[in-house]
Amino acid sequence: MRDDEFTDEVQRLEKRMKRMSEEVTRRIKEFESSSGILEPLSEVSERAEEVVVSVDMPGVSKEDVVLQATESRIYVDAECKKGICLRGTRGHNRVFKRYRKAISLPSLVDPDKAKASVRHGVLEIRLPKRKGGVKIQID
Amino acid sequence: MSVKVEVIESKATVSNKPLILEGFPDTGLVGMIATSHLVNSLNFEQVGHIESTYFPPMITVHEGEMYEPVGIFYRNNVYVVTSELPIPMSGVYPIIRELVKWMKSKDPAMILSLGGIPEPERIKLDDPTVFAIPNGEEAAEVLKNLKGPEMLKEGFLVGPKAMLLKESKRIGAPALGLFSQAYYKYPDPGAAAKILTVLSVFEGTKVDVTPLIESAEQLRVQYRDIMRRTEEEMSNMEKSREMEVPGLLV
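Taken in sequence, the protein lines are chains A and B.
For the first sequence, the residue numbers in our numbering are 5 to 143.
For the second sequence, the residue numbers in our numbering are 807 to 1056.
Any given hint might turn out to be false.
If you want the footprint, here are the derived chain A segments under chain B, 3+ residues with CB under 8 angstroms [claimed, not checked]:
#1 55-65
#2 119-129
Per label pair, the in silico range of CB-to-CB distance [stated by the list, open to error]:
#3 A/21 with B/1006: 20 to 30 angstroms
#4 A/18 with B/863: 29 to 39 angstroms
#5 A/99 with B/927: 45 to 55 angstroms
#6 B/1016 with A/23: 35 to 45 angstroms
If you are wondering where the hints come from, they were derived from the structure by calculation, not from laboratory data.
From the three backbone atoms N, C-alpha and C, an ideal C-beta is built for every residue, glycine too.
Make the full structure from the sequences, and use the hints.
See below:
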């Protein structure tokens, strides 16, 4: 592949990723607008022994959160009792009272051993990785 | 289409050795939230903006009035450069070069670059630490008079703020980076309030942070969209390197 062909290909890929990102953003906004449910920001980090997930849900305390986990996904549903009023794009303010999100995990985990806490509206879930595999003898 | 970066001053200002604050969005949107609170609380006036083909063609409308998304504000011998838009990776060098050239033309007493530094254990911190990076002796002297910030001894700084410190040093303008420990991907008004507390020693940047703390939950939700777009640009710049340790200078 020539240099200019490679550059064109990279630019095509960048444009495609940008379009996909815009599409995701548009769908999130449409979902939030039609359902009254906010999609919270979240972060997943993989460590040696565990996967750590955090979800930013301002206004939520631990009693408000329903959390479910499988080996590969977690589901978060939380009520924000006081409600969060957002400025609308056309001058229509809207109050949101619920967060909801499904998050895929980068490794299989043991959901029975997961631990979770909420501090200042940030939910943190620590999920130990599932142990498995066979030991390989080194010659 | 030819690429363009231009700092446009729409209103004349008279300043004498001003402070110039920069608050482009990055980690935790700390600089953006801090400068936005300052501008709104102290009624700064928009006196200019940055025009660039690196930014999407857009305007901001607030209470029926039109604003520039990358604005320059002025009040009481203090300029504030703040933005709704993160600087895209491809635009960091040309935009910061042009901006720093403009800053130097104002003969600043100090340029203050405000931002966040990612802290994985931020959730456990009630009182985040502010780290400082001076670009020379003049900025190091100013740092001595500030209460709270610790000199960043080791680490990486990535993105527009790194470029701003480097470029201002190159052309001989004093600059000090102030970075509060913050959530990497979540808007962090608490970290922004900490930065503003540090700045309260300067007459023109003294501001009550109570309203900022009280509206923190609201702001964290309101700024989610800007955070999502900023995070995309931070990934492009390998911003997570800020959590790594340098290896060359041992």
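For each hint, the structure was consulted:
| no. | hint | in the structure |
| --- | --- | --- |
| 1 | 55-65 | holds (count 4) |
| 2 | 119-129 | holds (count 5) |
| 3 | A/21 with B/1006: 20 to 30 angstroms | violated, 43 angstroms |
| 4 | A/18 with B/863: 29 to 39 angstroms | violated, 19 angstroms |
| 5 | A/99 with B/927: 45 to 55 angstroms | violated, 33 angstroms |
| 6 | B/1016 with A/23: 35 to 45 angstroms | holds, 43 angstroms |
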